Each structure stands twice: as structure tokens, then as C-alpha cells.
Amino acid sequence: MINHRPIVKKLFLSILLSTVVVIGNHLFAQDGKALFQSNCASCHNPVKVVTGPALQGVTSRVTDKKLLHDWIHNNQKVLASGNKYFNDLYVQFNKTPMTTFPALTDGEIDAILKYVEDYKAPAPTAGGPGTSAEPSSDNTLLYGILTLILAVIMLVLLQVNSSLKKLSDDKEGIPAAEPIPFYRNKVYIMFIILLLFVGGGYLLVQGAVGLGRTKGYQPEQPIFYSHKVHAGTNQISCLYCHTNAWESKHATVPSLNVCMNCHAAINEYKGAKLLREDGTEVDGTQEIQKLYSYTGYDPKAGKYTQPGKPVEWIKIHNLPDHVFFSHAQHVRAGKVQCQTCHGPIQEMNEVKQFADLSMGWCINCHRTTKVDFPDSTGNGNKFYSIYKSFHKDLQSGKMDSVTVEKIGGTECQKCHY
Amino acid sequence: MSDKKYWQSFGEHTNSEAFQKASEDEFSEDLPLEGLTDGKGLLDAKTPRRDFLKYLGFSTAAATLAASCEIPIKKVIPYVNKPENMIPGVADYYATTYISGGDAVSIVAKVRDGRPIKIEGNELSSITGGGTSARVQASVLDLYDMARLHYPVQIVDGKPQEVSTFEAFDKLIGEALPKLGGAPIVLLTGTINSPSTKKIISDFVAKNPGARHIQYDADSYSGILLANADSYGKPAIPSYQFDKAKVIVSLGADFLGTWLSPVEFTRAYAKGRKPDAKNPVMSKHYQFESLLSMTGANADERFTHRPSETGAIALALLAELGGNVTAPALNDKLKASVRKAAKDLSENKGNALVVCGSNNPAIQTVVNAINEAIDANGNTINWATTVLYRQGIDKEMAGLVADMNDGKVGALLIYGVNPAYDYFDAAKFKSGLKKVKTSVSFNERLDETTELCNYAIPAPHFLERWGDAELKTDHFSLLQPTISPIFKTRPFEDSLLKWSGDTTDFEANFKKYWVAKLGSVDEYEKALQKGVVEPASPAVGKAPYSNAKLADAVTATVATGSKKGALEGVLYQKVATGIGAQANNPWLLELPDPVTKATWDNYAVVSPKYFKDNFHIDLADRRQADKYEVHPEKQVVKITVGGKELSLPVVVVPGTHNDVIGIAVGYGRESAKPENTPDFIGRAAYGAGRNAFPLAVFNGTTIEWSIPEVVVTQTNEIYQVAQTQTHGSYEGRTEAVKETTLGDFRKNPDEILEDRKKELSHFGGTEDYAAQGTLYPQIYDKPGIKWGMSVDMNSCVGCGACVVACHAENNVSVVGKSEVLRYHDMHWLRIDRYFSTPEKNMDNPDDVQVVFQPMLCQHCDNAPCENVCPVAATNHSSEGLNQMAYNRCIGTRYCANNCPFKVRRFNWADYTGADSFPDNQDQTTVGKLDPVVFQMNDDLTRMVLNPDVTVRSRGVMEKCSFCVQRLQEGKLKAKKESRPLKDMQDVRTACQQACPTDAIVFGNANDSKSLISTTRADHNDRLFYALEELHIMPNVNYLAKIRNTDRILAEAGKEEGEAAEPAEKHS
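Chains as they are written, first to last, in our numbering: chain A, 1 to 417; chain B, 1 to 1067.
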């Protein structure tokens, strides 16, 4: 068995780093991109016609800025006013009503529009943003070879030493004991047994500890649903589909009505080639047809003609029954990125279990993750304002940050009850 | 402060040999290992050491193989179209109403992923204010009872045959009803307090000429209804306002436990009983009764009398209060007590209340006169708002039974009542039922009555249906379904509508009724959301009183005392099981009775003196006491009342009148063919106790539960009664309970504090105690939250709602009678009942005083259990919780041994079916578990389990967690909203929420503004920690009990000699 730990660790750290960088950008840009992704991306693409029209150039098509704002705020009102351009557009898109956004401010809309106009379609490179997450180098092999060479040198030197000793003994006339070949040398045998015992024991314990863990689990799902296409290429926010992660302990696989929000209009796949893990190609359009057959939707008629039946997805991330895990706690209160535990999901055509979901893995993260303590400017989670002594220590510089462990995040009954 | 000696069992009282022996061993038996305990030694055992090693090796290898080869594929199946506002994993709460007969309590049902799992009180109700009872808490389990009837049936020769559809059933009834030959249809129901149902019933009655509706209550209040018709001109029951009463006199009414509306009364009663140093006042409660009821156990002054003397006491009271009546002779002691009570009553005119539990209209008429004399009408008795919990008139029922026997009833439609079981003359009812042409039952199961009917169409559980209840005049509580019906059931109202040709269903009717009543759909929806419709301020007023019938009543009352035997009997209801409507509810059956602490059975209650005189065992004698106690075998007696016989084991309860025997009703449910009972009524109910209803006495007008003459014959049989509290010794430590009298408390409010200081003086006094009293150098601080609980022993009445709430919230398992007998009960929270008597001999029942103390894990900051665990499975959190990690526990039970409070529970078997090894439930070493365990393990019944709490398996220790799942949820809620915890809103424990008296307060003790902090500060003079001097630093504090009496003082001195006796020392 290969020791994966350093690899995992590196992978983990680099992904953490890359996601932090990516997220960092997000956070700075309470700007067009974030707003576009959370509000518009499920139906619009800047350069492609999806459920709604491609948005680039919209400011030149509709020059009246106020009208455009009104349209985004409440399109029904604009339609009712009889505006010809928008009514034509409405008919062109099969009279699919656009969501209203009364809560968006004018500034936010401008930011979105700016983002749309400046948008450049990403060059279809093979890697995508995740390439940096590839393990840059693997030193294990190097160390292994080095150890082996050193061991051989040691063996040779030992042999040389014993030969020289024998020679000098011969010279001085000291009667030498019967030479023992090294494979019958008790010290060597003992050493090898010890090595085998330690190595075998290590492997056995590792194997036993790993029982029931399914890191790398990547089953074939009833529909070839690609997170890479949805979360990666089309940049749909994770929470758009896994809404419940915000509220509940379960992130939940979205119900089919959520899929149909977009797929009522998107009925064919025109993107880059979809490949299975074994290299075979997948027909994306065919997979969308599968969705229609589950929901009982007739795309030609644009109607639901059959009763729907649920998709039986195969559950990948399983925790034992005696563990309480809440997505809301981590995603909303803890502001942990999905990728921290699920890996570079935006690059996975087929989802693969990224972490081993072991207790040690959880605890290690709890030991290092910093709690979102409120600071003097009012940022941070005010729940933690009750930790008076920690705040004092933070101010006086005795502590530089508070980790989850400090507030009891590694205690038994935080997860087991 | 007194030096009273408190005891939980007679063995503890006398420190008998068996008691000493029992408390030597924490667990009365060894671990169930084959070969180790049978005395043959390891080598000769069935599984010798080598075999053991072979098995061990094999099973390890097998487990490794099994675990590594294949991991089962789990599916995740989302909705096709998810209902809006439904989030898997987040509970929804629906306001609805608990209904059982006439009892109705506004509740909120917690629904997780489509299934109700917990009941809470509805705080918007002005009547119960969020309080619940054990029965309300347990009712959610009834929903998942597999013994409920699954579909409509036609019963042919006692065998139910499924009727495939409701239409087919309607057709059968449609054919049967016109063939009655002119004989009328009679609807027999329990008290109906639903206005919409009443309307449907009256429409049905109007459409069927000659039809009538009769209400029947097994626990009848006809006496009060008839007396009020005489005195106040209307057969109704007024609102009793215990919160306004400074003096309460109860003549045998168990108003805190089972009388009329206990949740409401308990809540109001407790309001008047929270004295502190600033305001040292509380109500004074006199109780006259024959048995020690839970209410009597809470009384300040308690006097016992024969049941036949109730009338005489009422008359004597009236005479003392200036009524122009002459009371029959009473003994001097009772005379003096009546005088004392009367003095307090007359000094508090307008602030006093007298209630009476008798069902004799004459006695109740006299009580009405008493209440007039103390000016209660319009003050503590509100006649403008009457209650509608009970409306049945016994005489109407008797008339119906006579009509049935005369063949004058064509069709009988039975809904929600079970007269074949609980009518005093059930035999006559049964013979009458045979003569009824068409009988239809709407009961939820094939109970004693239903199996004798021709047809049965089960009504849904109250959590599955729409409906409403008018608890009091203009006080409504609404029902809405929290789950779609589990079985093929249909509301009773739907059937009536169908059979009277109406095409609308009840749901539409209900909606129409309420939209019309409230004015708009909007208002209707708002009302559903709130669950209650109440006037802004309830009407308060008096009723015109007439004493025209008083003279007759006095004569009749005098006559009630004329007939009496050497031994009299009293039937009573247990707080948990009541009249037996929820008789198949394992939580209720396993809830120990507040006073006897017995589970799973009813029995004959007698006094220690009676036992000494007739059974020749003196329980005050340390050698003789062991013949009765320690071992659960009890002698069985044959009880004969007017030709009816009943065999029951004898249980001795101090405080029982010496000439009285008490028997609880509500037990002994049995089908016509007893072997059908597990299927028809339920596995838990099967074999639990005997039916005492046939012993009730019909006086020509009403059914009375006091029996003038009982003959008891001893038998050689023995029967095991499973009592808790006869094990788990405090090793002679008495500092767990503190009490004082109101007089002493007024004189010296620091009494308790001084007592604590004295106890802790060796360890640096109360101030430096935390640091000084210990060798451990470090005190761990709790930087954020420090959870704390306060339990007010003055408010706790011992009702057990918290115990059942804890069961429901924390998946606490039911173990069955045979396991309780082995002291394997699993209650995380128990209510300790302490007796104390001034004399050692317990001959005078009036001398017995009782203290209730809810006992749960005290979450000691310096916990003795934590440092003995070899695997650190139990340890302390930074929030002050004593944590228990089940998966780490290896079952050494050291922690339970070292716990001074005996609150840790060990899973001797796999009670919840959590293990994948079926052998852990039934095997020779564990013993055969009772059928009830398997009833609870049914796939459907397991739906009641709380998904947020681990189900424990065999071999691990468990205990109160302070509802840690709620704490985590509350904290998360606050974190999501980026704000500090809201006290009393985000986090409440299940026991706290269930408590009708708010005796339990819980919260963050680090927050100086939280209720727990203010409670501790405001009641510092009553505050103490149980066994504080052990330096265990509990996070649960108690507030000392205060009695509004002077008796502790007077008797403490007398007792000193005995208290000093070092009998209880055991080390």
C-alpha cells in the first residue's frame, strides 16, 4: 500500500489555496460576476443563447438605460406597457417569463451589465482553472530510491567492513570464525523480520482503519450529470441546486423541478466533448432526454405529458449513523467552501469522493480552521461576541486567531449525540 | 430546616439487611457472560477459552472480509417536484390539538421530513400556556401503533374481515340502516367538544327521525353537572381559577394529576407557589382524601378519611362556615382539621376555592354551598366561562343500556368510547349490544367494544385529521393534519356526512364552518397557524345561585355515610394511564406512578398499618420489611365487591387511610378471546394489570368510584410488581433534598444558605469552595456558554410529563416489565419520590410527607464518572456538558458505579433494535425481552425516533445529555442569523418545555441576563446543589421546597433521637 497521506495533504493544501484565491476574488467582487452568477447564470450566458438570450451587447440593443433597469426589476410591467422590442423577445423565447428582481439596486444592475459587456468566453483549454491543483511533484519515489540506494551502500559497506576485518584478522593470525553468508546472519534475519513486522503491522493497521472508507468512490449514475458542465463551464452557483445546504443539515440532491427550471428550454448539449472516466464519449443531448423521460416532459409539445418518477441517484458521500453533520453549520455559519470537502467538483464530469471523510480528517480541519470572530468593524459572526475572554486576548495580542478547536470544535458531543 | 429523614423505600427507611446488601452492589447481577456466571468455571463452560479464541479469530477475519469486500450501495432519491417550504432535515411545527375523549390540550407538533416526532405545548393557549402532561407527550407514539385497525372491517363471528373500499363499506351501511324496522339510531360518543363535529352530529340526528346522541364518559363528572344544574340552573362546569386562590381545599379531587383539566390546574396552582425572600407568600393547600394521590402528596396539610366520610366532611366544612346544617359525627382529628381548614377559608373569602372529586350530586351540591359561603362564585370560580371537557350524564347511558337490552335500539354508532371495557356494568352493555341490529364502531382499534360490533371503520389519530375543540366557552383550539393518514382511516364526521347523503367531506365542512365564523379565509389560515381562537380577555363573572335544592342534598349527603364496611374501597386513575384510552402506549406504561413508583401494572394499595395488622409484616421493622420489599414478589389478594371478584397484588403506600384499599382503573385491557389481545388491543397492553371498572358503583343517578364495602381474602399466590426506586442507593447521603416551612423561611430567609455554609465549612465555605474544596489544581473556565439548569422543587408536582418528553426527544428505550424488575429501566430523567414520617411506625397516614425531586445527570463540572472511565468515553465539554460518546464506550460501567446520583443507564440488551445482530435482543444470557420491546422496534413504530439522536445499542452507557441536539440546533440558528443566543427562545430542553409549572429553567449561566442566571440570583435563598459537599460542582441546582405548614418544625424535635441513629450509615 502506498502512503497517500503526503499526496493527499499536498493536493488538499493546493486545492485549498487555489479555492481560497478563487474565492478571494469572489469576495472582493461583490460585483458583476458574483451577482451575475447568483441571479442570472441559471438562465443566461453572456455570449450564448440558453433559456434566455445571450446578454452581451444588450446595452447597445436597448439604449434606454432606465427601460433596461425597469425590465430587470419587473419585466411583467414592461411587457404590459406594450414595449415592442421586449414583447417580440418574449414571443421569440416561447413566452417563458423572466424572473423579477425587485431587490436588485441600480448599482448592482450596472455592475452586472458591465460584467456582461466585458465578458470574454474562456478559451477552450483542456485543463481549466484546476490544473494548478494537480500534484506538482511527488517526492515519495525520490525518497524511496534514495533510501534504497543508501541501504545498498550500507550493505556493501558492511560487507566490505567484514571482509577487511577478516583480512586483517588473517594477517594478524587471529583465527577467524567460520564465515556466515549474510542470508544466514542472525542480525540480518532479525532486522528483516523486524522490518516486515513493522511494515506489515503498519499496513494492517492502515487497512483496518480504512475499512468502510470509500475515498475515490465514483459510481456510475443513472444520468450522466456533469458538474463540470454546470458548475464549471456554466458557472452555476452550487447553492442554486443544492439550496438546502444553506438551511439544513442535508445539502440534498435537487428535485427534478429544479433541473427543469433551465432544461425546459435547454434541450440539447452543444458544449465540449463529454468523456466518461474510461474514455468513452457521452451524448449530452441524450442525457437531457433521460431527464425528460424521468419528468415526463415532452420537449416538442413543451408540456408534461407523463407522470414523473424520481431518479435514484447513488449516494457517494456517506457518514456513519452516529455522526451528526450539518451542511448549514459549515456552509453558512462556517463559510466553508464546498470544494474544501468535495474537492474540485467543478472539474468533475462524474463525481468522485474526494476526502476519506474520516474523523481524523474532520478533526484536523477543526484544529486549523479559524472561526469567523467579530472584529471592531462589525464584520464576522456576532454569535461569537459572547466569548469575552477570547476577545480580550485577541485585542491584547495574546492570541492571533481563534480556531474551531478553541471553541470546543473537537469535543465529542459536537458531532456525536 | 429540618433533620427529617427521607426515604424512598421501606428498606431504606429501616436500613434492612437486604437493602444494605442491595446497595453494596451497584448492579445486582454480573455481566451476562455464559460460563462465567454459572459456576462451572471457564473450562467446563459451553464456550471454553479455546473456543472463545477460535470464535474471536474467526469473527475478526469474517468481519474484515465482510467489511472490505462490499460496501452496500445507498440511494438518494429526491422529489420529482419538491413541495415548497419543505426542507429535508429541518423540522416544521404545526399547531394542533391533543384530543382524548373530552380532554383537549393545545399543542404544537414537530414534524421532521413528513412525520410527527414530538409534541410540545402551544404557548399561545391561555388555558394551558404551553404546558403538557405525560399523556399528551406520549400521544405521538399512539400514531405509530401497529395495533390500530388498518382498514374498515366487517366483523363476522368475532373475526374481522377487510372491506376493500370506503365505497363498499358505505354500501354495506346503506343497506343495513333502512332495515332497522323503525328502531332508532343512537350515536354513542365520548364528550364532544368540537363545534363543527357537533353540528354534523345534530344534522345527522335531524335527518334520521328518532335518532339521538348520547355522550358517555368513563370518568364521569355527572355529579358536578347535576349539582350545578340544581344550584346554578345549568348543567355545566365552571372554570376553576387556582391561580387566584390563596386557600385551596380539595375533598379528594386529584386536580394536579387526573381531575378535570390537570394541565391547566397544575399551571395555575404553581403560579401561587413560588415564594422568594422578597415576597414570601404562597397559597395554602388542604387535601382531604383516602389514598395518597399526587395532589395530596403536594398538599401543605393533608388529612385522610374513609371515602364514606366525604359527605360528612363537606357538611362539617359547610357548618363551620356558617351553613345552617348539622354534620354527622366525625372523629376528633378530622373535626379539628375541618375546623382549621374552615378558619383559613373564612379568613380568605373571595380568595379561596373548594373542589371535590366525588361524583355524587348531593355532595357536589353541598360543595357548591361551601363555595358560595366563601364567596368563590365570580372570584375563584368563573361562571361566565364554563369548561366543556366533560358533558356525559351517567343516567342517559344507563337508559341507553336498558333500551338496548329491551331491543329498542336499531343501530348504535360508537365513536371514541369503549363501554364494553370501562362501563361499570359492561356485561349488561355487551348483552344489549348483541340485541342491536346494526352496530358500527369508529374506534381506532378492535377494542373490547369494537370487536362486538358488526362493522368498524377506524377514525384517524388526532395528528392525522382536521378538527376543532371548544375547551371553554369561546376558547377554541384547532386541529390540522400533520401527516397523511398512515392506515386506511376516515374521520367519523365524513362517515356521518356520507350516510346522511351529504356529498361534501368533513375537511370542506370544517373549512366552511371556520371561514364563516372568522369572516375570511385569511383569518382562518391565521387561526390555523396559531392553533387557538380565543377572546382577547375571557369573560369573568358569577352565576346566580339558588339553595332551593340544598336541604334535599344535605339529607342525601348524610345518607351517603350510612353504609360502610370494615374496609372501604376507592377506584382512582393513574396519572399516566388514566381510564386506559392510551393503554397500549409503552411510554405511559413504563412511566413510574408518581407515588408508588410502580410500572406496568395496577395493584391494591393499602396502608402500612393495614399490612401489619392483616399480613403480619411490620414495614417499620428492619427484619420484616425485607419480606415485602427488595424482592418484587407481592402477595395477591382476592377483592370482592358485591359479588364481583378481582385478584390483585398488594402494594403498601404510606399515607393510605388504614381502612381503605385503592385500585387504579385503566388496566387489564382484554379481548373477548384473550389470545386476540396482542393483535386487537396491543402487545404492550396485553397482560398489564386487571380491569377495576366493574367494581364501580351506580347509585341510581351517577357512577361512583368509592366503594362502601370491600372484602379482601388473602391467597397463596404471588405476583411481581415492577417498582423503580427500590434500587440505586444514595449510600446514606441525605443532602440531596432540602426543605423548610414558610414560617421558618419568613423568619430566616437565609436558612438554606446557612445550612449549605455549614456543610461546606470544611472546604472553604460557599465562597471559595470551587478552588478550596479540591486537590485538583486547575479550574477549567467555560469561555463562551456554560449551560445550567434550575429545578424548583416547590413547583414540581411530580406529574412525569418531563419523563415522557425525555423519552420522545432522546429515543430513550422502553425495556418492558421483566427488565424493570431487574432494575434495567432506562429513564434518563426520573422523579424521585421521598417519604418522611415523624414516627418510625407509619401508623398515622396523616403524618406522611412527600417530596418530589426530578433527578437527571447533574453535569458535574468535577464529575466523578469522568475520571474513572478507562477509555475517556465520558468527558467534559467547554460548555459544561458531561458528554457521553456512545461509540467509544466499552461498557465497563465504572462511571455508573461512581455516580453519586445513579442517573447513568446501561443498555443490558439491544432495546431499540440498533444492532445488526438479532441475538442481542433475545438470547439465553440476556433473557427473553418482553413483546413491548419488539412493538417499539416495529419499522413503523420506529418512525417516532428522533433522527438527530443516536439510537444506542447493547453494551453502552447512556444518560441525560441536556438535550445536546437542541443546544446545537439553537446555537446554529443564532450563528445563521449572526447574533448571540436568545435566552429561552433558541434553546430549551425537552423536560423544560414539557413542564406545565415551569419548574425547570435552563440556559446559559455565563449570560447574567439569562433566566437561569436571574433565577439563581433571585432565589439564592432557596438555592442548593444536590450533594454539593462532594465537590462535584453540578450544573443543575435545585430550589428548596417550602411547605406552607408548621408541621416540620413541630416534629423535627421529636424525631431527633431517631435521626441521630447511625442506622443509615453504610460505607
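Among the clues, some could well be false.
[To be verified] Restricting the straight-line Cα-Cα distance to at most 25 Å, the calculated cross-link-like pairs of lysine-lysine (DSS-like) are: (1) A:Lys352 - A:Lys273; (2) B:Lys75 - A:Lys290; (3) B:Lys271 - B:Lys244; (4) B:Lys1009 - A:Lys388; (5) A:Lys273 - A:Lys290; (6) A:Lys352 - B:Lys75; (7) B:Lys82 - A:Lys315; (8) A:Lys335 - B:Lys971; (9) A:Lys290 - B:Lys74; (10) B:Lys271 - B:Lys246; (11) B:Lys74 - A:Lys352; (12) B:Lys973 - B:Lys530; (13) B:Lys244 - A:Lys290; (14) B:Lys198 - B:Lys349; (15) A:Lys335 - A:Lys382; (16) B:Lys530 - A:Lys382; (17) B:Lys434 - B:Lys179; (18) B:Lys526 - B:Lys110; (19) B:Lys244 - B:Lys349; (20) A:Lys352 - A:Lys382; (21) B:Lys274 - B:Lys4; (22) A:Lys335 - B:Lys973; (23) B:Lys82 - A:Lys303; (24) A:Lys120 - A:Lys290; (25) A:Lys392 - B:Lys1009; (26) B:Lys976 - A:Lys335; (27) A:Lys382 - B:Lys976.
Simulated from the structure, these hints should not be mistaken for laboratory data. Values in this document were obtained by computation on a predicted structure and should not be read as measured data.
Right, here's what the structure says about each hint:
With a C-alpha separation of about 19 Å, the suggested pair lysine 352 (chain A) and lysine 273 (chain A) falls inside the 25 Å cut-off, and the hint holds. The straight-line distance between the Cα atoms of lysine 75 (chain B) and lysine 290 (chain A) is roughly 18 Å, inside the 25 Å bound, and the hint therefore holds. At roughly 9 Å between alpha-carbon atoms, lysine 271 (chain B) and lysine 244 (chain B) fall within 25 Å of each other, so this suggested pair holds. Distance hint between lysine 1009 (chain B) and lysine 388 (chain A) is fulfilled; the C-alpha atoms sit about 15 Å from each other, no more than 25 Å.
For the proposed pair lysine 273 (chain A) and lysine 290 (chain A), the alpha carbon gap of about 18 Å is at most 25 Å, so the pair holds. Of the supplied pair hints, the one linking lysine 352 (chain A) and lysine 75 (chain B) holds, its CA atoms being roughly 15 Å apart against a limit of 25 Å. Between lysine 82 (chain B) and lysine 315 (chain A) the alpha-carbon distance is near 19 Å, which keeps this suggested pair within the 25 Å criterion. With a C-alpha separation of about 16 Å, the suggested pair lysine 335 (chain A) and lysine 971 (chain B) falls inside the 25 Å cut-off, and the hint holds.
Using a Cα cut-off of 25 Å, the hinted pair lysine 290 (chain A) and lysine 74 (chain B) holds, with the two alpha carbons roughly 21 Å apart. A threshold of 25 Å between alpha carbons decides the hint, and for lysine 271 (chain B) with lysine 246 (chain B) the separation of about 11 Å falls inside it, so the pair holds. With a CA separation close to 15 Å, the supplied pair lysine 74 (chain B) and lysine 352 (chain A) stays within the 25 Å bound. Our distance criterion of 25 Å between C-alpha atoms is met by lysine 973 (chain B) and lysine 530 (chain B), whose separation comes to about 22 Å.
Restraint check for lysine 244 (chain B) and lysine 290 (chain A): not satisfied, since their Cα atoms lie roughly 70 Å apart, outside the 25 Å limit. Only pairs whose Cα atoms come within 25 Å are accepted, and lysine 198 (chain B) paired with lysine 349 (chain B) is rejected, the gap being roughly 39 Å. At roughly 14 Å between alpha-carbon atoms, lysine 335 (chain A) and lysine 382 (chain A) fall within 25 Å of each other, so this suggested pair holds. Only pairs whose Cα atoms come within 25 Å are accepted, and lysine 530 (chain B) paired with lysine 382 (chain A) is rejected, the gap being roughly 31 Å.
Under the criterion of a C-alpha separation no larger than 25 Å, the hint pairing lysine 434 (chain B) with lysine 179 (chain B) is consistent with the structure, at around 16 Å. Distance hint between lysine 526 (chain B) and lysine 110 (chain B) is fulfilled; the C-alpha atoms sit about 19 Å from each other, no more than 25 Å. The hinted pair formed by lysine 244 (chain B) and lysine 349 (chain B) meets the criterion: a straight-line CA distance of about 12 Å does not exceed 25 Å. In summary, the hint linking lysine 352 (chain A) to lysine 382 (chain A) is not supported, as the alpha carbons are separated by about 36 Å, beyond the 25 Å threshold.
Taking the CA atoms of lysine 274 (chain B) and lysine 4 (chain B), the gap is near 23 Å; set against the 25 Å cutoff, the hint holds. Distance hint between lysine 335 (chain A) and lysine 973 (chain B) is fulfilled; the C-alpha atoms sit about 15 Å from each other, no more than 25 Å. Between the alpha carbons of lysine 82 (chain B) and lysine 303 (chain A) the distance comes to roughly 18 Å, so the proposed pair stays at or under 25 Å and holds. At roughly 32 Å between alpha-carbon atoms, lysine 120 (chain A) and lysine 290 (chain A) are farther apart than 25 Å, so this suggested pair is violated.
Note on lysine 392 (chain A) and lysine 1009 (chain B): the hinted pairing holds, with a Cα-Cα distance of about 21 Å set against a maximum of 25 Å. Between lysine 976 (chain B) and lysine 335 (chain A), the direct Cα distance comes to roughly 10 Å. Compliance with the 25 Å bound is thereby established for this hinted pair. At most 25 Å may separate the alpha-carbon atoms for a hinted pair to count; lysine 382 (chain A) and lysine 976 (chain B) meet this at roughly 10 Å.
Hints 13, 14, 16, 20 and 24, counting from the list given before, are not met by this structure.
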